[in-house]
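Participant: Chain order of the listed sequences is A and B. If you count the first sequence from 1, position 19 lands on 19 in this note's numbering, and the numbers rise without skipping. If you count the second sequence from 1, position 196 lands on 196 in this note's numbering, and the numbers rise without skipping.
No wet-lab data here; the hints were simulated from the structure. From a predicted model like this one, the values you see are computed outputs, not experimental measurements. Do not take every clue at face value.
Said to hold, decoys possible - Listed next, with one range per pair, are the computed distances between beta-carbon atoms:
{"hint": "1", "chain 1": "B", "residue 1": "69", "chain 2": "A", "residue 2": "271", "range": "40 to 46 Å"}
{"hint": "2", "chain 1": "A", "residue 1": "311", "chain 2": "B", "residue 2": "121", "range": "57 to 63 Å"}
{"hint": "3", "chain 1": "A", "residue 1": "379", "chain 2": "B", "residue 2": "196", "range": "42 to 48 Å"}
{"hint": "4", "chain 1": "A", "residue 1": "232", "chain 2": "B", "residue 2": "69", "range": "29 to 35 Å"}
{"hint": "5", "chain 1": "A", "residue 1": "85", "chain 2": "B", "residue 2": "162", "range": "54 to 60 Å"}
{"hint": "6", "chain 1": "B", "residue 1": "11", "chain 2": "A", "residue 2": "36", "range": "55 to 61 Å"}
{"hint": "7", "chain 1": "A", "residue 1": "311", "chain 2": "B", "residue 2": "75", "range": "15 to 21 Å"}
Beta carbons are placed, not taken as given, at the ideal position from N, Cα and C, and that holds for glycine.
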Amino acid sequence: MTAASRASSLGVIKPEHAHFDDVLYLESGEVLDEFELVYETYGDLRSDGSNAILICHALSGNHHAAGFHSEADTKPGWWNTVIGPGKPIDTDRFFVVCPNNIGGCNGSTGPASISKTTGKPWGSLFPQVTVIDWVESQKRLAQHLGINQWAAVVGGSLGGMQALQWSVTYPDWVAHCVVIAAAPGLTAQNIAFNEIARQAIFSDPDWCGGDYIDANTAPEKGMALARMVGHLTYMSADNMSDRFGRELRHGSFDPDDDEQPIFQVESYLRYQGSQFATRFDANTYVLMTRALDRFDLAATSDGDLARALEHASAEFLILSFSSDWRFSPARSREITTALLAAGKRVTYSNLESDAGHDAFLLEDADYIALLHAWMQRVAA
Amino acid sequence: MMLRSDVETIAGWVGNGSKVLDLGCGSGDLLAKLSLEKGIDGVGVDIDTQNLTTALTKGLRVIQQDMEDGLPNFENTQFDVVIIADSLQVLKRPHAMLTRVVQIGHEAIVSFPNFGHWRSRLSLLLSGRMPKTKALPYSWFDTPNIHFCTVADFESLCRQLDIEIIERKVSGDRTYLAKIWPNIFAKSASYRIRHR
Numbered sequence: 001m002t003a004a005s006r007a008s009s010l011g012v013i014k015p016e017h018a019h020f021d022d023v024l025y026l027e028s029g030e031v032l033d034e035f036e037l038v039y040e041t042y043g044d045l046r047s048d049g050s051n052a053i054l055i056c057h058a059l060s061g062n063h064h065a066a067g068f069h070s071e072a073d074t075k076p077g078w079w080n081t082v083i084g085p086g087k088p089i090d091t092d093r094f095f096v097v098c099p100n101n102i103g104g105c106n107g108s109t110g111p112a113s114i115s116k117t118t119g120k121p122w123g124s125l126f127p128q129v130t131v132i133d134w135v136e137s138q139k140r141l142a143q144h145l146g147i148n149q150w151a152a153v154v155g156g157s158l159g160g161m162q163a164l165q166w167s168v169t170y171p172d173w174v175a176h177c178v179v180i181a182a183a184p185g186l187t188a189q190n191i192a193f194n195e196i197a198r199q200a201i202f203s204d205p206d207w208c209g210g211d212y213i214d215a216n217t218a219p220e221k222g223m224a225l226a227r228m229v230g231h232l233t234y235m236s237a238d239n240m241s242d243r244f245g246r247e248l249r250h251g252s253f254d255p256d257d258d259e260q261p262i263f264q265v266e267s268y269l270r271y272q273g274s275q276f277a278t279r280f281d282a283n284t285y286v287l288m289t290r291a292l293d294r295f296d297l298a299a300t301s302d303g304d305l306a307r308a309l310e311h312a313s314a315e316f317l318i319l320s321f322s323s324d325w326r327f328s329p330a331r332s333r334e335i336t337t338a339l340l341a342a343g344k345r346v347t348y349s350n351l352e353s354d355a356g357h358d359a360f361l362l363e364d365a366d367y368i369a370l371l372h373a374w375m376q377r378v379a380a
Numbered sequence: 001m002m003l004r005s006d007v008e009t010i011a012g013w014v015g016n017g018s019k020v021l022d023l024g025c026g027s028g029d030l031l032a033k034l035s036l037e038k039g040i041d042g043v044g045v046d047i048d049t050q051n052l053t054t055a056l057t058k059g060l061r062v063i064q065q066d067m068e069d070g071l072p073n074f075e076n077t078q079f080d081v082v083i084i085a086d087s088l089q090v091l092k093r094p095h096a097m098l099t100r101v102v103q104i105g106h107e108a109i110v111s112f113p114n115f116g117h118w119r120s121r122l123s124l125l126l127s128g129r130m131p132k133t134k135a136l137p138y139s140w141f142d143t144p145n146i147h148f149c150t151v152a153d154f155e156s157l158c159r160q161l162d163i164e165i166i167e168r169k170v171s172g173d174r175t176y177l178a179k180i181w182p183n184i185f186a187k188s189a190s191y192r193i194r195h196r
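Chain A extracted, bound-state conformation (with noise of 0.2 Å):
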């Protein structure tokens, strides 16, 4: 943590649990009897509970939303750019609560716990959660935590699905909703994305049908390149041209070198996807994409978005990134095509960004001062 960084943040945070007794009903029809939530809490909740903000990761984010981990810790939370003091998501006027979801693997029940009734790894027996399980669990934390209302429900890509998700199940609950470079279901496409993430997962031979950690392995070449696929999908060609164009990062072409010509991006991916490998669970991983791909707002409606949007009552504010391909800036005109139809109070913005589907997660200017700019309206 640098001074700079230290000054425009939270400081050091400390993650916090939470148990719950009560047994979880998946959509799936199977149970979870107990669960734990990892989870941060960033500001201070006002006595009335009024001034609380959820926010939902995505697929490989966790409850580290901002903040440090230490005075030693280098690597801020993954939303540190928009949630601290005086930022958009401004911790000096909300109490805003970010867990790992149930499924996940930093803390919370997921498939690396130890399962009560086998006294080992749940591994392949874990069961399929989906985004409504998530906002069951979310709103169980809330009442945990003493709060029957947020003023904000926040979140991008699979999380501004949960948001999504919350404004239509949970009406009362949620004041105002932001969803960023979200969906409200995957296309063909992007399933087959996910899918061909898994795969390379299972044809890993130490992915042991799921059960690996009992097998003490880990199928870490096969997560390796399903994060490769992902991370070039989160990407836009334009930026990949200026960030790695076609350099190499060893050897040449020449013939009298013996060293094989690598390119940066090559070296990039594998990096990007060996690194990942390491910290990430590859039940999990599956688990969330499969998340991605069943969810779909309309389903109950016939298809019919507007209908799906019709007991909402939260403020909107639907965001997207021009470069945007995995998450089209299409989609969130579609959620925001249907919000106005159902008469629902919605803005959108498209934000010029050559950054693809990351740039939700990145720093810039215009972004960050629209956020702002929108956040003046969630009363704290």
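Let chain A serve as the given structure and place chain B on it in line with the hints.
Facilitator: Here is chain B on its own, set in the frame of chain A:
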């Protein structure tokens, strides 16, 4: 820049609590005024991110989009009033826009600078150059105003498009002259129109 009198004219025409769409809302001054004075349920459309951000600080709701994309995301008769204030002249296809706004609004309000104003005529007549005025300071080759029209042009277009003019108000140096002979003396004109 909109004339103050046009803003007052528009505000006078918008009913309390009505559903309003402001096309080309800019930084939202008109919407903010209508929200405050008329308690409207309003939404703006604008393409510019900076405009949007400024409008959002005023608590307004805005959809970022090119208003000339045919506005497919709005349904017919979705609004009580659709406003095009001082931006008809910047559109590529103003006739298509007029046709569309009387569909999505029960009524539309359109205001624009009158290019038939005597100063513009005199300037072109005497100098032989495209007029530049305080209100319209751009050079012909670098101006957002690509489709100027006169009061007479607009009214003729409405007839062609089968659009009914419910009411007209003009503003000029001497408003009584502008009322009698708007095509020459009106600096700007505002119309309430609807589909016939």
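Participant: Which of the numbered hints are not met once you compare them with the structure shown?
Facilitator: none
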